[in-house]
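J.: One letter stands for each residue in the lines below.
Number of protein chains: 4
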Amino acid sequence: MNLLFLGDLVGRAGRDVVVDNLPKLRRDLAVDFVVANVENAAGGFGITQKLLNELFAAGVDCATTGNHVWDQKETVAFIGSEPRLLRPLNFPQGTPGKGAGVFQTARGKKVVVANLMGRLFMDPLDDPFAAAEALLKTYRLGGNADAILFDFHGEATSEKMAFGHFLDGRVSFVVGTHTHVPTADHMVLEKGTAYQSDAGMCGDYDSVIGMEKANPVLRFTRKLPTERLSPANGAGTMCGVLVETDDATGLARRIAPVRVGGKLEPALPKWASALAAAK
Amino acid sequence: MNLLFLGDLVGRAGRDVVVDNLPKLRRDLAVDFVVANVENAAGGFGITQKLLNELFAAGVDCATTGNHVWDQKETVAFIGSEPRLLRPLNFPQGTPGKGAGVFQTARGKKVVVANLMGRLFMDPLDDPFAAAEALLKTYRLGGNADAILFDFHGEATSEKMAFGHFLDGRVSFVVGTHTHVPTADHMVLEKGTAYQSDAGMCGDYDSVIGMEKANPVLRFTRKLPTERLSPANGAGTMCGVLVETDDATGLARRIAPVRVGGKLEPALPKWASALAAAK
Amino acid sequence: MNLLFLGDLVGRAGRDVVVDNLPKLRRDLAVDFVVANVENAAGGFGITQKLLNELFAAGVDCATTGNHVWDQKETVAFIGSEPRLLRPLNFPQGTPGKGAGVFQTARGKKVVVANLMGRLFMDPLDDPFAAAEALLKTYRLGGNADAILFDFHGEATSEKMAFGHFLDGRVSFVVGTHTHVPTADHMVLEKGTAYQSDAGMCGDYDSVIGMEKANPVLRFTRKLPTERLSPANGAGTMCGVLVETDDATGLARRIAPVRVGGKLEPALPKWASALAAAK
Amino acid sequence: MNLLFLGDLVGRAGRDVVVDNLPKLRRDLAVDFVVANVENAAGGFGITQKLLNELFAAGVDCATTGNHVWDQKETVAFIGSEPRLLRPLNFPQGTPGKGAGVFQTARGKKVVVANLMGRLFMDPLDDPFAAAEALLKTYRLGGNADAILFDFHGEATSEKMAFGHFLDGRVSFVVGTHTHVPTADHMVLEKGTAYQSDAGMCGDYDSVIGMEKANPVLRFTRKLPTERLSPANGAGTMCGVLVETDDATGLARRIAPVRVGGKLEPALPKWASALAAAK
Ligand SMILES: [Fe+2]
Ligand SMILES: [Fe+2]
Ligand SMILES: [Fe+2]
Ligand SMILES: [Fe+2]
Ligand SMILES: [Fe+2]
Ligand SMILES: [Fe+2]
Ligand SMILES: [Fe+2]
Ligand SMILES: [Fe+2]
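Protein chains in written order, with numbering that gives the first Met the number 0: chain S, 0 to 278; chain W, 0 to 278; chain X, 0 to 278; chain L, 0 to 278.
Hint data in this document are derived by calculation from the structure and do not stem from the laboratory. A portion of the hints provided could be inaccurate.
Same chains, same names: a pair is fine if it fits in one copy or spans any two.
Pairs of lysine-lysine residues, derived as BS3-like cross-links and limited to a Cα-Cα distance of at most 27 Å, are as follows [to be verified]:
id, residue 1, residue 2
1, K136, K23
2, K190, K108
3, K23, K97
4, K190, K49
5, K136, K97
6, K262, K136
7, K136, K49
8, K269, K72
9, K49, K269
10, K136, K72
11, K109, K262
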């Protein structure tokens, strides 16, 4: 199975590059399931029902979030009736919405997606390692789950790599989000879990993590009030990661970066295109 | 001019992959000047005079550091007599060593290297933006400096990107270090400065940021004393970034990742190899 | 009932002032139960079985801790067989020792003591508010507990005050520890819980939070390696808080600071002495 | 000379208790100079020109601030023409306003006030220790300054105590602000500088650091959007510190807490009242 993960969509630039390219890419790369982190899709802050529906229409199957999940007021209200939108699993008991879900692909495969949030240099939260461990009591790769994907929304590379090794051999794919910069450390870990420290953002990279660059620079050089940040709206780069899983074990066979459009160097996995062409 | 920057060398795996590959790579890519961050070269913690000399012998021209600069006791004593070893420029007045230096390449070009440290999610320090601004009162690209390279040792991508844009058009290359994971956002910014959020580490990526993975995972899952971390000693990946500058302006023409050995996907800039072959 | 809480004992100065004064003070103030935070009792770092026994002998009934609980190697081994020593309740499942205990006073009253750790500006941990809530499913003030005392080991005053109000009316006493400075905000909250943001330390206040002052000052003014900190060994001040509870409800009637010896202004609750004298 | 320092005024409760009590207190305690931290005076967030004038009219001679200095939009504009309002001295070069000032008392004495901000658990800033050191090149106690007072706005007790010892013998009084809780560690340090880790707030203590308590508690127990915090408007406590300096040396002879009104235990230095009565 081919799983495509798209990093934090930031503003219009991020949504546009995804909506414009995802439908064709899904076909070209023979993608079975698409997960996208949407925590910055609405003007850089949060997600609305309307924008979410546009992304589902463009081929996103499941949306994850992070610290920005509640930035739009309406989200708390609609998340309970939208099982395809996840918030971090290790949020406190009683938080609206869910942190993990089971989804069915067009070919009838079961994909479990979980959204966790890291703690190093982040807000206080309950242990994401323990939350992952608990979830894996319910879902077993190669058992009741054909693929398991974890979006680990965090800052520190040490925590992300530790989380990857912690789950190695038990899930298909651990991918980091939140830094808005793609890392080049995609690899299949020792026991078969695909890993990349950060998927990067879908957005305009002529910016400071997706935001118009003038104000963020001022925030670092002065101690004065700054206007609210707004997303950079130049050409966006779609930043994603493609993972091919083994149908029998659910573990990863290959992982490769996917980058389309905008300022970053393009990347497409040749193997996936070849496979798709052969179908 | 071709500038090669190598990210944080971590332990023996990091030193070995550099010493084994740098001499040939310097020739193949027609590199004029090599800067390497060595803050984790000695068993993961700091740098010694002996190891530094081995790296100079292998082709490193200038060594930068970061928060781990003083991890080895001898470093405070010898840094004053080793102008090729830098510590962060924005350390307090009176700190031994220097945070910037001017170096001459074999072809007689002047390269300024500066080592700054970020503040977001890092220890308290004086403003690195102001320190950079002050340094650029002394050195002018295309004037008394043929190339200017800044190693910005920091955690947060927002601060790193802001720092890049802050210096855009005034220096040849801003490269981040400290996260030990290479980013895939190498680009030439709007006004001609080459930029990459993090060079990654030279070390064994089957690890947690270069360290044997068992203990770091325990540190995230338990609240109990853990043994001292030690570097992972599997095959290392050399992670670097190559920048080609314009001889007239000192600004960047091209930037590309360089990855050799170990677990990460290899990368070499074709243009550099072609240029070298043509010489 | 009269509950006496003593803030973090730091080194020899802290132990001495407690051992020298507690026996008489217990009598003079008619104290029924003494809890002391001992996380810095052993040379400023952690606690040993031997020192703990000396404190029990001097009149401490229960010892709490915090982030320094494991600083002495032996503690992990002996905590399981010493129910009078608590570690933070919101440490991960599987951590040796307990975070709460039920104790019997000489007059047969049941006192519940819980040790929680805050998260603001502290290491990542599970939610202390949720942990407290869960514990109060087991113990009910005025029901199966005659008094309930929470040592909330934390940095931020906002988190401490929020924790106090969160438990107001459900426990006898919430006292903060960890900053090593006594606060002057002792009060009985709206619904009857006694509260003080920090008990302060038992130790030498001619210091930096109990440590010889020269090295800590250097740590703030230089970025260079500093020698290990060692406790200041001048005359110590015993810093505590006395709470009188209502025997029927278990709620607080009065709260007052107790300070004896050393550099700080002395304080003793007149009502307690009067009560003791009248007995 | 008698110096009175008042901790962070929070909202109407804080302003009212000061305006109602300061005039009489100035006379009763024979106060020569009053400094008040006003960073939360305007609805909990910042300060306006109008409110500042009311405080000056009530007897405040100089106002200090901290991280909330710019919370009201107008402050950046008027601070340049109001020398009695200080912002932290270690803000970046080019910041409007000043971080220190020289003031004349009614009896013709020169008082230097400086406002510094700490860095531990605070936003990145330049070194406050170095900034203090530089200021003391200009002002010498017992020379061109009859008294020197530093408001050190910070979180960590370790940094505050280190700052106190760093200046011991060179200034009259180092007082901390920002935690909104008064500490009971008022003392004259070894070489004659008066010190208290935090002055506490002037405001309603039936609150979370001066704010209505319901919302802050929710912020600690849930991960959901919360309404903006608003100041608690019950009866306020005025929290201050009185220091008597030696007219010849400018060093401190005595220090004592001043607490009037509201929920906290009242405190007034008997020596000051006696002195005033004797005049
Ligand atoms: Fe994001
Ligand atoms: Fe995020
Ligand atoms: Fe490093
Ligand atoms: Fe580092
Ligand atoms: Fe402590
Ligand atoms: Fe502590
Ligand atoms: Fe404040
Ligand atoms: Fe503040």
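J.: Against the earlier hints, flag every one the structure doesn't satisfy and list their numbers going up.
T.: 1, 3, 4, 6, 7, 8, 9, 10, 11
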